[in-house]
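In order, the protein sequences belong to chains A and B. Using my numbering, count along the first sequence one by one with no gaps and you end on 281. Using my numbering, count along the second sequence one by one with no gaps and you end on 339.
Just so you know, these hints were derived from the structure itself, not from any lab. In this text, a Cβ means the ideal position worked out from N, Cα and C, and glycines have one as well. Hints should not be assumed to be uniformly reliable.
Claimed, not checked - Which residues of chain B face chain A? A few of them, derived with a C-beta cut under 7 angstroms, are: (1) Pro129; (2) Pro131; (3) Ala133.
Said to hold, decoys possible - DSS-like mimics (lysine-lysine), calculated; alpha carbons at most 27 angstroms apart, straight line: (4) A:Lys106 to B:Lys267; (5) A:Lys82 to B:Lys30; (6) B:Lys181 to A:Lys80; (7) B:Lys227 to A:Lys106; (8) B:Lys227 to B:Lys213; (9) A:Lys261 to A:Lys234; (10) B:Lys227 to B:Lys181; (11) A:Lys128 to B:Lys132; (12) A:Lys106 to B:Lys211; (13) B:Lys177 to B:Lys211; (14) A:Lys106 to A:Lys71; (15) B:Lys213 to A:Lys71.
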Amino acid sequence: MSRVAGRTDWAEEEDEDNLQLPQQTITKNKDGTETIVTYSIREDGKKIKTTRRIKKTTVKTIVNPRVAERKSLPKFGQEKGKPPGPQTDTTSVAENIVFRPVSGWKASNEDKGDDAKKKNALKDAKIKCRICSGDHWTTKCPFKDTMAPEGEGVPADMKDDGVAEQGALGGGGSSYVPPHLRGRSGAGEKMGGKYERDDLATLRVTNVSEFAEEQDLRDLFSRFGHVTRVFLAKDRETGRAKGFAFVSYADRSDAAKACEKMDGYGLHHLILRVEFAKKTN
Amino acid sequence: MRPILLSGHERALTQVKYNPDGDLIFSVSKDHVVCAWFSHNGERFGTYHGHQGALWTVDVDPTSTLLATGGADNTMRLWEVNTGELLSTWDFPTAVKRVEFSPDGRQLLCVTEKRSGHLGTVVVFDINPDPKAQQSKEHTLRIVCEDSKATVAGFSYLAEFIIVCHEDGSISQYDAKTGEKLFNTQAHEEDMLITDLQWAPDRTYFITACKDKTSKIVAADSLEVLKTFVTDTPLNSAAITPVKDYVILGGGQAAMDVTTTSARQGKFEARFYHKIFQEEIGRVRGHFGPLNYVAVHPDGTGYCSGGEDGYVRVHHFDKPYFDFMYEVERERAQELSNL
């Protein structure tokens with residue numbers, strides 16, 4: 001600045017050309033922001049052009065006058081004469097802590113190994129059964145042997161659940177497969193399955209009225225071909241339908257026909273949704 | 001949530017407290033200094049010098065002009081918050097374990113230790129809220145605890161009762177005017193020291209922390225136990241959070257056993273319980289020693305904890321804390337919004 005102030009004529013300016021820096025320019029943009037261009041010389045003598053674009057916003061907060069007064073008061077005691085702002089010798093910032101309240105928090109959640117951590121992570125992500133949408137693991141679903149999951153049943157996901165589940169029981173993730181299940185693909189989860197069914201000819205019916213009976217569905221669906229099995233999920237306590245069912249046909253073409261015709265059919269006060277059941281595993 | 005670490009003390013913290021405006025935190029420790037901090041950024045506002053022994057307790061009046069402290073040098077002292085000036089000193093035959101202002105700031109209560117032939121007492125003084133005024137040295141009320149010594153005490157709503165918690169796990173209620181004992185109830189397990197008493201914002205109920213590993217919410221007028229929070233560690237402190245219906249409990253293995261236990265086993269965590277459902281909802285770890293005191297910001301936006309490790313950790317809650325609701329709470333909120 002002193003150089004600028006002391007400058008008397010343009011000839012000198014010419015001489016100092018490499019040192020002379022253009023003035024700072026501030027341009028107001030249309031969107032309310034400001035562009036500030038400043039020039040400076042780096043230690044190695046190179047000129048630097050700095051362009052900053054800033055937006056000024058006014059945030060108004062109502063502050064207790066006592067609080068506001070204290071902020072401007074001088075410090076005292078050991079802090080006497082120290083500049084405003086936190087001092088590094090007394091104040092520091094600790095590492096980030098994730099605190100997320102959950103209902104049914106258990107101390108053991110944090111003390112177990114990776115298995116438990118994984119389970120914990122899954123827990124936070126909200127447990128939702130892929131079969132009946134209840135809040136338990138798919139592997140714990142009372143209908144797991146009889147029904148296919150709704151939506152996309154990704155097999156890898158299924159295994160994940162299995163591991164976490166074993167960890168919870170203290171089983172320690174054993175890989176033992178009972179002799180009668182060896183050699184099968186996707187062992188374990190389907191153990192004790194009551195029905196050997198052809199998934200290709202099974203329809204999943206959702207949005208079923210809670211007053212519907214299995215017989216109603218059987219009557220409805222047998223119009224399209226031979227129905228081998230009808231399963232209507234019912235609540236154990238109330239005995240009412242849970243809102244979805246599975247219908248298996250002997251023939252896939254019948255199933256396709258039924259799927260086409262019955263999707264959107266009104267049963268009681270609700271409109272049915274019919275689609276092919278996804279394969280379990 | 002990134003806690004702010006306040007390391008202004010050289011020894012174990014004994015009490016930390018927010019002022020009612022919520023912008024300051026006062027901390028006392030076994031080194032002889034009182035510290036005042038800005039709660040939003042952890043900047044130290046100042047220190048108060050004069051005590052000759054370990055400090056046990058601190059409290060600030062409702063307008064944040066006067067600060068009372070008590071310690072093992074058998075004195076209770078009154079300070080001016082903004083300047084750090086010592087205004088008044090009261091001498092006692094034994095250590096001062098707890099001080100508390102009445103809700104209007106015109107009375108100050110102090111609990112003295114039972115030792116060397118002196119019984120534990122609760123003494124009340126009238127306070128002139130003007131920092132320039134001379135404070136009266138004469139007490140207006142003196143309650144002597146003959147059965148079991150008092151550990152903590154406080155004024156109820158409108159300073160109607162004085163609630164005193166005892167070493168033997170019982171809680172008594174005294175008339176704050178006459179000093180007459182109205183009630184005594186064995187709220188906690190027998191012979192288990194009650195370590196803390198903190199009030200709900202309206203002072204109609206309070207929460208206690210006890211060495212029997214439980215914390216209880218008790219009604220101020222009937223001394224009826226309303227809620228019980230069961231933990232697995234001796235508790236040193238308990239606080240009720242405004243805004244959200246939680247309580248924060250702090251404790252951990254006793255200081256003398258700490259070196260034989262790891263940080264994890266020591267249970268040096270702040271435990272969050274749901275105030276209504278009495279169920280644990282989470283923990284915040286960070287201290288290397290037991291938590292000696294937890295205090296909640298009066299607006300419910302954060303809390304701070306003082307530990308045996310000599311640190312104060314100031315936490316500002318973030319979104320998940322405020323968003324968390326039980327299913328029934330969510331349904332209720334839904335219903336209300338539909339109206």
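Checklist entry - Does the structure break any of the earlier hints, and which numbers would those be? => result Hints 1, 2, 3, 6, 11, 13, 14 and 15 contradicted; others consistent.
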